[in-house]
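Visitor: Read top to bottom, the protein sequences are chains A and B.
Take the first sequence: its letter number 11 is residue 11 in the working numbering, and every next letter is one higher.
Take the second sequence: its letter number 98 is residue 98 in the working numbering, and every next letter is one higher.
Because the hints were derived from the structure by calculation, they are not lab data.
Incorrect hints may appear among the rest.
Note: identical chains are not told apart, hence a pair may lie in one copy or across any two.
Said to hold, decoys possible - Here are the simulated SDA-like pairs of lysine to any residue, each with C-alpha atoms no more than 25 angstroms apart in a straight line:
no. : residue 1 : residue 2
1   : 51        : 152
2   : 51        : 9
3   : 184       : 45
4   : 184       : 166
5   : 184       : 196
6   : 51        : 39
7   : 51        : 146
8   : 51        : 112
9   : 184       : 137
10  : 51        : 24
11  : 184       : 67
12  : 184       : 142
13  : 51        : 95
14  : 184       : 23
15  : 184       : 145
16  : 51        : 132
17  : 184       : 113
18  : 184       : 147
19  : 184       : 133
20  : 51        : 137
21  : 51        : 81
Since we're looking at a predicted model, the values are computed, not measured.
There are 2 protein chains.
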Amino acid sequence: MTEPSGDLAGERADAARNRARLLEAAAWLVAERGAEHVTMREVAQVAGVGKGTLFRRFGDRNGLLLALVDDVEAEFYQAYTFGLPPLGPGAPASDRLIAFGYALLERVSDPTDLGPALGRQVPTDRRRTSNYGRAFHLHVTSLLREAGVVGDHTMLAHALLAFVDLETIDHLRNDDQVITERLKATWADLVRRVTGAADC
Amino acid sequence: MTEPSGDLAGERADAARNRARLLEAAAWLVAERGAEHVTMREVAQVAGVGKGTLFRRFGDRNGLLLALVDDVEAEFYQAYTFGLPPLGPGAPASDRLIAFGYALLERVSDPTDLGPALGRQVPTDRRRTSNYGRAFHLHVTSLLREAGVVGDHTMLAHALLAFVDLETIDHLRNDDQVITERLKATWADLVRRVTGAADC
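In isolation and in its complexed conformation, chain A is listed as follows:
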């Protein structure tokens, strides 16, 4: 590969490197001590980057955590968009829907998954601003359409996703002691009922 030359290209490369370093430092600190205990000062320190640069690039702590979520989600996005079936393309739409919910439920149950761990830190902003929330919704909407469901796909997707929402599932797991297998069975049942894939 040829690198672009000149001062401007150098500055751009520096900026990209700083961004990657800051996100890596933040991810490490979050995994190490939990998102709620990570400060901007520490992130800058661990990354070896000035605190001014950190704030300039991410706005504030929430901005940094959301960028980190987006980074973590990119990999999951790849898996459900281009990966192997039944999560990725190649399986019937209702099977893909079921696999998608299973994957979400497994992620929520996994304490080392940074996506949910960080989502818990920004509960309101998460719904409002996160790109991945929008991506989940687009994905479910298009699978409902592909499954031949006759109805308001946009809204049915919201209804399905409300059940596997981080806060709903945390509540059911922590306060009602519902195990992951039962959550998955409910999701599959729900998808079959909504897509008409159930016997009827």
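With chain A held as given, fit chain B onto it using these hints.
Guide: Then chain B, alone, in the frame of chain A:
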């Protein structure tokens, strides 16, 4: 009616009167200026009751707000348990489920309804501790059973209620500008799919 006599009865009557006064004062203040601006000091002042009594009775501000929610919810509970059909008994279970969701959605859309207004103030505690959340869930669970749904009624009730949850609906109304009529149509569609009342 005969009143119980003696000092103890008098004390009990005082306590009940104080409780009613404090809740009335709190309801008035919440309606007047929004739950987030109501302080314990003001509630005691408006009720003409000592601040010590207020704290002894309700624990803290959250405790007071939750008691107020329960008070407000008692009326709604009467309506869906003993009131007129289709919300109350007498209509087919799937119609009652639809009417129940409609009522919840109308309440969330009504800024003067104290239930949702107060629920917004205690988002996490609301799920964990509120009696009315449990009552909603019991109601939906028993209607699913009555509708002859074959499946995990407890979990399907959670899945349905996740869609009409205060935070989900606030998000859809405020951030996605979804109107109440569309939310109601989605609820009815969802109930029909889950209960098998849809044509299939």
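Visitor: Give a verdict on every hint.
Guide: Hints, one by one, checked against the model:
1. 51 <-> 152: neither (47 angstroms within a copy, 52 angstroms between copies)
2. 51 <-> 9: For residue 51 and residue 9, the Cα distance is within 25 angstroms only inside one copy (23 angstroms; across copies 66 angstroms).
3. 184 <-> 45: neither (42 angstroms within a copy, 51 angstroms between copies)
4. 184 <-> 166: both (14 angstroms within a copy, 24 angstroms between copies)
5. 184 <-> 196: The answer is both: 18 angstroms in one copy and 21 angstroms across copies each meet 25 angstroms.
6. 51 <-> 39: within (11 angstroms within a copy, 38 angstroms between copies)
7. 51 <-> 146: neither (48 angstroms within a copy, 61 angstroms between copies)
8. 51 <-> 112: neither (27 angstroms within a copy, 46 angstroms between copies)
9. 184 <-> 137: Result: close both inside a copy and across copies, 18 angstroms intra and 19 angstroms inter.
10. 51 <-> 24: Classified as within; 15 angstroms inside a copy, 51 angstroms across copies.
11. 184 <-> 67: Result: close neither inside a copy nor across copies, 29 angstroms intra and 35 angstroms inter.
12. 184 <-> 142: Result: close both inside a copy and across copies, 21 angstroms intra and 22 angstroms inter.
13. 51 <-> 95: Answer is neither: 47 angstroms inside a copy and 59 angstroms across each miss the 25 angstroms cutoff.
14. 184 <-> 23: Answer is neither; intra-copy 32 angstroms and inter-copy 42 angstroms both fail.
15. 184 <-> 145: Both. Shortest intra-copy (22 angstroms) and inter-copy (21 angstroms) distances satisfy the 25 angstroms Cα cut-off.
16. 51 <-> 132: neither (27 angstroms within a copy, 47 angstroms between copies)
17. 184 <-> 113: within (18 angstroms within a copy, 35 angstroms between copies)
18. 184 <-> 147: both (20 angstroms within a copy, 23 angstroms between copies)
19. 184 <-> 133: Classified as both; 20 angstroms inside a copy, 23 angstroms across copies.
20. 51 <-> 137: Classified as neither: same-chain Cα gap 35 angstroms, cross-chain 48 angstroms, threshold 25 angstroms.
21. 51 <-> 81: Neither. Shortest intra-copy (36 angstroms) and inter-copy (59 angstroms) distances fail the 25 angstroms Cα cut-off.
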